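So the protein lines, in turn, are chains G and F. All the letters of the first sequence, read from the start, carry residue numbers 1 to 270 under my numbering. All the letters of the second sequence, read from the start, carry residue numbers 271 to 540 under my numbering.
Each hint should be verified, as a subset may be incorrect.
[Claimed, not checked] A few chain F positions that, by computed beta-carbon distances, are all more than 12 angstroms from chain G:
1) A373
2) A497
3) L515
[To be verified] If you want the footprint, here are the derived chain G segments under chain F, 3+ residues with CB under 8 angstroms:
4) 91 to 102
5) 107 to 117
Source of the hints: derived by calculation from the structure; they are not laboratory data. None of the values given here were measured: they were computed from a predicted structure. Glycine included, every Cβ here is placed at the ideal spot set by N, Cα and C.
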Amino acid sequence: MTDLEPLIELQQVSAGYDGVEALSEVDLAIYPGDYLAIIGPNGGGKTTLLKVLLGLLEPSRGVVTSRLPHGRGRMGYVPQFSTLESQIPLRVEEVALMGRLSLRGLWRRYRQEDREAAQAALAAVRLDHLAKRSAGELSGGQLQRLLLARALAGEPEALLLDEPMASLDAESRQVVRGLLQEVRERMPIVLVTHDPAAVAREVRNIACMNRRLSYHAGGELTSEALEETYGCPVELLAHGVPHRVLGAHSHRHGDGSHSHSHGDGEEPHD
Amino acid sequence: MTEAWQLLWDPLLRPALFAAVLSSLLCGALGTFVVLRRLTFLSGGLSHAAFGGLGLCHLLGLPPQLGGLATTALAAVLLGPLGQEKARERDALIGVLWAVGMAAGVLFLHLAPGYPPDLEAYLFGNLLLVGSQDLWLLTTCCAVSLLLLSALYKEWVAATFDETFAAVQGVPIRRLSTLLLLMVGAAVVLLLPVVGLLLVLALLTLPPLIGLKVCRDLRTVLLSSIALGLVMTLGGLFISLWADLPPGPCIILLGAGMLGGASLGKTLVR
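Using the sequences and the hints, build the whole thing.
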């Protein structure tokens, strides 16, 4: 175990909408240097978990502690491109500039340094040549890269991504993957996905969010099976209760020091 | 034809022209965000709620604008904070607001002693009879709105493109929504005697819709919405003088024709 303090910590956090719990009694700690994938089926509470981490949703129970130097306003959030309205007439560079909002604050205009940071972030995702284009003209993969650039333009202290690899073309997949490998040195990364195969090779650890257990028709999933699928040692730390989807498993330590990420969820089986 | 043209520039019509310019400015700028943020129906609800307030003040012998401003402000404060999660509730409440506002307005006007004011005047206003007080109020509203829109431009844009990301960046989404509704409410109330209920809605929606069809950049959409509003109002006014028809319907139908033309043109270009 590491003696570092977690940057963000959820303790026994439950949250949801209109009294329906999408997340219950979740424990999760995100440490510097983390690269965590949270996998689980659609509707399994992954997005709710992201919203709690981002501070957009108050938990109904439990405690969220943030030790990020500048609070949670400096978290880089990368939504799924398909959830956005891409028809809004904005230039690519204007979208990237939005990453600088929290640095500038209300009533103030963007400065030259903001434009430079946005431009650098666009270069990092290889979109700098399209800076003047309308964001609506980008392909899905390019738009996803733009959203990553937008988050990075704000020099975030942690990066949270929602399905970053979903329906990306090969080029974009490669760019995103390479960039994440690069920035993991500077900030912890948390991503949620329903498709662990897309990210499993790089991530340091994986937590499972199991909600709608009826999706799992095919019996029990074992850590060994997942390990085989991903071709690397993975940690399985979350359990669906009362329906255990993950079989009994020992906590493996990928590189010996990262057994701290812990997701825990329970929801009655429907 | 030339007669109508000369009449349009007659000094007697100058206040009407000035009002047309102000309406186009106000509605073009606000309307772009109303359309992009899908607040058209809500704006419709606000304008009908205003009608209730106007009626009440008419009955009590108070300046009608006061009642209109109070009701729209109340409605904006109540409905503004209801975000995406409460979309269904908000949607239904708008319908309620719409019907109740109109019903109350009609009832109050009926109860008021003396000749009831012409209902059609509230639907289409009377651009040709605009008073100097109306113009002053409108100018103030216009200046304040444009100032707020430009001072918080980057926040409006971010909130419009991606509410979640903007919220993570510390943009006060709820307060911005309420502020936009307050501005729309004030604009609607002050425009009621000038262009009427229906024309306000037409000016808020038609020019930005056309602008969004032909422009790729938000700034150009804003500017072209204002310009298109001008073409619509002045063109409609000209047609009404030329054909001796009521101005309100002429302006709206001209705008609708322009939208049809833009859609057709866009399809043909493709």
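A quick look at each hint next to the structure:
Residue placement check: F:A373 keeps its beta carbon more than 12 angstroms from all beta carbons of chain G (closest about 30 angstroms). The Cβ of F:A497 sits about 16 angstroms from the closest Cβ of chain G, beyond the 12 angstroms cut-off, so the non-interface label holds. The non-interface label for F:L515 is consistent with chain G: the shortest C-beta to C-beta separation is roughly 35 angstroms, beyond 12 angstroms. With a cut-off of 8 angstroms between beta carbons, the segment 91 to 102 of chain G has 8 residues touching chain F; three or more are needed, and the interface restraint holds.
For the segment 107 to 117 of chain G, the assignment as covered by chain F holds, since 3 residues bring a beta-carbon within under 8 angstroms of that chain's beta-carbons and 3 suffice.
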